[in-house]
Amino acid sequence: MKITYLNLNSMKSTKFFMSAIICLALSTSFTSCSDDDDPDPVLEEEFITNLTLTFTNTADATDSVVLFSTAPDGFEDGTSTENIVGTFSAGATYSLSLEILNEQEDPADDILNDDIIPEADEHFFAYAVNGINLTMTRDASDIAGPDGSKLGVNTTWVAGAISNGNLQIRLIHEPTTVDDSDEFGSATGGSEDFNITWTGVAIL
Amino acid sequence: MKYYVLIVLLVFMCFGFAQKCDDVFLGELRDFHDNTPLNGATVFIKNLNKYVASDERGKFKIENLCKGELILVISHIGCETKRITFNIDGDMFQNIALEHHIEELNEVSIAATVERKETKTSQETIIKSETLKRYSNLSVGDALKEVPGVSSINTGSTIVKPMINGLHSSRVLIMNNGVRLQDQEWGIEHAPNIDVNIANQISVIKGSGALAYGGDAVGGVVVINPKRIIRLDTIYGRTLIGGQTNGRGYNITSTLNKNFSSGWFAEIQGSSKRNGDLKAPNYTLTNTGLDSKGVSARFGKLNFESGFEIYYSFLDNEIGILGASHIGSVFDLERAINSGQPFLVEDFSYEINAPKQEITHHLAKLNYYKRYKNFGRLKLQYDYQHNQRLEFDVRIGDRREIPAIDLTLQTHSILADVNLDSNLDRKINFGVIGRFQDNFANPDTGVRRLIPDYNKYDFGIYTTVEYVVNNRLIADAGLRYDFNRIDAKKFYRISRWDERGYDEDFSDIIIDETPTQYLTNPVFDYHNISASVGINYSINESQQMLLNYSLASRPPNVAELFSDGLHHSAARFELGDIRFDQEISNRISASYIYSTSKLNLSTEIFYNKIKDFIYLRPFDFISTARGPFPLWEYQQTDAEIFGIDLTINYKITDNWQFANKTAYIKGNDLGTDMAIIDIPPFNTTNQITYNNESWNNFSASLKSEWVFKQNDFPDFNFEVEDELNEEMILVDISSPPPAYHLLHFYSEATFILSEKTNLNISLGVNNLLDTAYRNYLNRLRFYADELGRNITLQLQLNY
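These protein sequences, in sequence, are chains C and H.
The first sequence finishes on residue 236 if you use my numbering, and the numbering steps up by one all the way, no holes.
The second sequence finishes on residue 1195 if you use my numbering, and the numbering steps up by one all the way, no holes.
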């Protein structure tokens, strides 16, 4: 009796498992059928394609120097190209306005005003020059950055004697420490969202 | 009258009984699996309280049986005792099968601890539960380093990826309770999703000799098994609680088993571990917390003749990645390397922030087996795995909470395996496996997909033969064929597509187009052949030799084919190549084992020649808005890897033991004559242990771990221009860190609390001298030192 019972039991379990396996196999093929749709392209965010630095002579609005950096595939990992339009006039004072855009969107996303400024306490713009007689100050109207610093979006630049050199702008994300005592600014830690240098900037 | 009837009836009945108690039962006992007669089995006749024994033909005879139920309890040395009931209604002849080779054949265990190797001629090492418990607060990757020749490639100290003889990731196959782990193992920073606490025994097989598991194990196979089921009416369990000073970590794991002599069993296990920021000797490693939870359950019925098991396990890991490793540019990397200090160090915290990984892994398995007389065993298995990987990067704005990588990998497998073991001297195993895999890369991340959406179909067929030539020589051989199809949907930037030259060769796979991207549908098929042949020869009682040759073919994985993007912590672009073909490994190995009661020595040598070995190397630069980034491309080359692994265990006295483990390995790129990157340096550990059974099984050991500097490395250093100052800056990403020597202490004792309960207490101190060092095989070695001193205390209650 017991043996028969056991046999029955094992037959039942065999059937049960076979059917379970078949069911699961079938459900597998259904899942495979259902996701055959083409994937959507990723809408890349925190994406920067264009950075423009516009220096405007405070005494003469028609005198300006514009530094462009563009990367159609994005600043993150696309190849970027830099261009310079105009030259500084020795002795003049310029106010700098920044524009950071994602032009893959239409209309373009304003990354500076929509993303960076609202999180000013986690960002810091640092500038540097080499070989060119430019000095700068962070304006009183500049936005507050991390640890009592000034973010570096509203700045005033003074062109000194005739010279030719390089100008760098960096955007540091979540720096550990920042120091803007020399106005240009320096930072430790964090990571650079961009680090762009224009070579051959001139004061005539 | 009434009395008369009653008397007649009684007399008749007595007469009836007396008359019918002359039946004869003839039994014939045969071995279940090979049908040989069983001589000398004891047959206990319960009704008669009498014993008989079987003769040399396996036969026995019971006379003078009454009609009705007959209960026999048959036992034989090495067999499982069998209780059978027959209904006697006249003379009877019965064939009764008993299994004489349970331990050899086996799903079920009679003895509790039997060391079972998976292979006969491969270089295989078993790590037992006594050793594994020391790693309860760590990972599988850490535990595997008990085996000489096995190291790990790490991302920090919590993401530990096993490396067998210098090979890792897709080249190391991991089996969890009979299921091949499918957890996006292609990435170096993807640690195996297994809780070390579910393992009762781990076998590490170097090379691809274990063909039943897969033909692409160019590095090796790791087989993780839970406790074998014991067929007894019993309930037992263990609970382990531990704490560690470094990272203020704590861990708890508990397992409860209920077994029945009928073969039914159930097991439930759960574990949880947590630590905050770990500490290097000189600073806190900010954001290196870990929060891991796992549960597993299984139940089923295992008998010799048939059985089934349902198994489920779930693991949820949240792993912080060293904050200082988040860099934006090559200049950040260069600053980190040259400063020698992490640039983000904060006070201790349990908090885990970006960058971090959140991974969940579900595994469900259902299997059934049936053993047929004089034939063998058939096993059917279905398993399903669901692996989700979220990687959070340091992001701004409302994307802060959105992962940068969100991949969901689902895998279904069906396996049928037949083991013909009716002749124990010539076991034949064959099987077929079908697998379907579906990867989904969530576009909501807002980051271009690193790994595309794909469907993968695998089909494999294999056979292995094990032949006992004589009592000294065992030979084995195997052959396997695998078919793989990858059907992916991937977006390529048009600029990249053209730059790779894909426009010439693959224009037919473009199925859609956006202004900047192509949507392509690559479908690739791979046919792979793998084989293995080996011998195991016992020279005499104390000496043994193993020889093995294995051929393995590994198709390129999805990362090698499709990678296309920036790898943040490495500050480099990684580019795959869809033109790749599979890599083919030819590995020869020889082992010499000498074992006496005092000395155990094992020497394993191997030579692995890999054709079309796929590896990453720097190639060019991409000038981005964050400075120039090096571009690393996956390439194929011919490579050779060879080495020697040595283990010595020497019993100095009954209480003192000495052990040594040493591994030396060398890897060459035959195409460029350079060394292969990330090859473990020469390392040797020496351990002295004192143990005394009469002091509650007390033992204490001191271990010295000496890792040399890797002098054979490819020089992939590069220079980038600091445009502002117009100077070239060298980024030294190649130089390995200096040699280091660490001391570790471990001691334990077991207290018997009652007949069935004991308490094991262990105290360990890792990195006793708080030595600051860096490990060549840690991808975050550029940013910070390894862990400092760590004191662990662990209580394990067995009941």
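One should not assume that every hint holds.
Quick look at which bits of chain H chain C covers, simulated, 3 or more residues with Cβ under 8 Å [as the list claims (entries may be wrong)]:
no. : stretch
1   : 583 to 594
2   : 598 to 608
3   : 887 to 896
4   : 1019 to 1028
Have a look at the derived ranges for each label pair, beta carbon to beta carbon [stated by the list, open to error]:
no. : chain 1 : residue 1 : chain 2 : residue 2 : range
5   : C       : PRO73     : H       : ASP921    : 43 to 49 Å
6   : C       : THR111    : H       : ASN917    : 22 to 28 Å
7   : H       : ILE857    : C       : ASP138    : 52 to 58 Å
8   : H       : ASN678    : C       : ALA160    : 27 to 33 Å
Read the hints as simulated data drawn from the structure, not as lab findings.
Think of the CB as a built atom: it goes at the ideal place given N, C-alpha and C, for glycine as much as any other residue.
Checked hints:
no.: 1; hint: 583 to 594; result: violated (count 0)
no.: 2; hint: 598 to 608; result: violated (count 0)
no.: 3; hint: 887 to 896; result: holds (count 3)
no.: 4; hint: 1019 to 1028; result: holds (count 6)
no.: 5; hint: C:PRO73 <-> H:ASP921: 43 to 49 Å; result: violated (27 Å)
no.: 6; hint: C:THR111 <-> H:ASN917: 22 to 28 Å; result: holds (27 Å)
no.: 7; hint: H:ILE857 <-> C:ASP138: 52 to 58 Å; result: holds (54 Å)
no.: 8; hint: H:ASN678 <-> C:ALA160: 27 to 33 Å; result: holds (31 Å)
Going through the hint list in order, the structure does not satisfy hints 1, 2 and 5.
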